[in-house]
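Chains A and B supply the protein sequences, listed in that same order. Sequential numbering from -11 applies to the first sequence in the numbering used here. Sequential numbering from 6 applies to the second sequence in the numbering used here.
Just so you know, the hints here were simulated from the structure itself, not pulled from any lab data. None of the values given here were measured: they were computed from a predicted structure. Heads up, the beta-carbon is just placed ideally off N, CA and C, and yes, glycines get one too. There may be inaccurate statements among the hints.
Below are the DSS-like pairs computed for lysine-lysine, each with C-alpha atoms no more than 30 Å apart in a straight line [as the list claims (entries may be wrong)]: (1) A:LYS18 - A:LYS69; (2) B:LYS292 - A:LYS82; (3) A:LYS26 - A:LYS51; (4) A:LYS18 - B:LYS292.
Derived list of chain A stretches under chain B, where covered just means 3 residues or more per stretch with a C-beta under 8 Å from a C-beta of chain B [what the hints assert, rightly or not]: (5) 24 to 30; (6) 39 to 50.
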Amino acid sequence: MVRLPRRVLPALFLAFAAGTALAHGPTPQKIAQTVTIKASPDAVWKVVGDFGGIASWHPDVAKAEATGGNAEGATRKVTLKSGGALVEGLDEWKGPEWTYSYRMSDPDLTALPVSSYSATLTVTPDGDGSRVEWMGRFYRGDTGNEPPDNLSDEAGREAMNRYFGNGLKGLKAKVEGGRTP
Amino acid sequence: MTTCRSCLVFLIVLIAGPAAGQAVVVASQQGARLTRIEGEAVTASFTVPASPAVVAADGRGRLYVSHPDGRAVSVIEPDGAVRRLPLPAQAFGLAVEPDGSRLYVGDWSGHRVLCLSLPTGAVAGEIPVGPDPASLVLGEPGRLYVAEREGRSVGVIDMGALRRVGGLPVGDGPFALAYDPDLARLYVANVRSNDVTVIDAAAGQVLATIPVGTAPYGVAVVSGGGPVLVTNQHAASVSVIEARALSVSATIPVGRYPEGVAILGGFAYVANWFSDDVSVIDLAARKEVRRLPVAEGPRTLAVARIAPAEAAR
Chain A
-11 MVRLPRRVLP ALFLAFAAGT ALAHGPTPQK IAQTVTIKAS PDAVWKVVGD
39 FGGIASWHPD VAKAEATGGN AEGATRKVTL KSGGALVEGL DEWKGPEWTY
89 SYRMSDPDLT ALPVSSYSAT LTVTPDGDGS RVEWMGRFYR GDTGNEPPDN
139 LSDEAGREAM NRYFGNGLKG LKAKVEGGRT P
Chain B
6 MTTCRSCLVF LIVLIAGPAA GQAVVVASQQ GARLTRIEGE AVTASFTVPA
56 SPAVVAADGR GRLYVSHPDG RAVSVIEPDG AVRRLPLPAQ AFGLAVEPDG
106 SRLYVGDWSG HRVLCLSLPT GAVAGEIPVG PDPASLVLGE PGRLYVAERE
156 GRSVGVIDMG ALRRVGGLPV GDGPFALAYD PDLARLYVAN VRSNDVTVID
206 AAAGQVLATI PVGTAPYGVA VVSGGGPVLV TNQHAASVSV IEARALSVSA
256 TIPVGRYPEG VAILGGFAYV ANWFSDDVSV IDLAARKEVR RLPVAEGPRT
306 LAVARIAPAE AAR
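The shape of chain A in the complex, shown without the other chains:
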């Protein structure tokens, strides 16, 4: 009798659930997180603008493997410290306007309990400093009519807002860190 390690079982269940929820479901949800940073937009963009460089500022990210630089169609595989990986494709990157947009390629419910998402990160001037907005649109992990609690709209909102919020806190700390004693 082959015994599966206990922690593999939930992963198998989630992988199966993902198979039934590959497609977008019909009720999209919003995510929006912002942060103000005491640094110029150029200085912030230098850190956050590189699509493949997310591991340098996002505290939840263990590593990011990127291909294609910042050209349309570039990809990044973002491995989270909590487990799972997000594979994302770059839709649009506008360096002079300090903004880029991307979307999820394949769902990984162990990383985030959502079946698909797209997002845009934008830096704008704010007084002497900058404001960074990270916003997007996602569908819950199980897009069927009776999602379990862990794959519901609420679970998705909680996880996505935490991921974006933590990221912006990490970005702020990294950019401002070098300037505070």
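Starting from the known structure of chain A, arrange chain B on it as the hints suggest.
Chain B in isolation, oriented as in the chain A frame:
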């Protein structure tokens, strides 16, 4: 002179104003409201049951709204009365016969299209289609088209036989459809391949594949070979395709996460899902002239007839 001037003004109003007796209706999913827009202004709004996704209209002033998370379709009568039709389906895409005799409903996770007899809502037929049916649109007489999002195809349905009789190959992630009856042309917005497939419906052949902005999610056409408007959800813009030249002639910035688009009386109306407003685009000038706030999460629009009884109130 004064008389002439007022004649002129009257004529201009006739040409540029909204089509008489018609309005655009937009469905806000989170806000659970329908908003009616005439010309450049909001003229009414009313609450509907939770999470309306797609709105459709027949030629008699009746509205239909799908509730994918509520297993139902709502019917809104011209007098405002709302009737719920429960369905064993994740109702999303809608198409209604102009005479209001039949309603077609896409069952997103059931991979089928239901045909409902109206006004009872009784299921008259069940048509298996490709995976994840998104938009539905009426084509030539007796033909219904369905965007099969995960099938890279558009299903062709014979409405007499209530059967899928064929599929047309399109781009990746076909989501939205528009049909021009005068040219018998079908336009398909492919959300993942960032392009629009143009199909000669009579011949069943692809005429062109036109690159647009990122994540095209809505499409509408001025029938008779007029411009085709495509919303680019991730680019916050609308691409204008010239139907004769089969190329993009303009890209118009709109609100955030634009989804559905509808055309009426010289204007195009774009539902901006994230920014909770509707962009009004002057078709002749090819630019946005107004941004109208609506309830949260506007997604789809329909051109509806304002019933005489209602218009007279």
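- request: Would you list, in rising numerical order, the hints stated earlier that this structure does not obey?
  value: The structure conflicts with hints 5 and 6, although it agrees with all the remaining ones.
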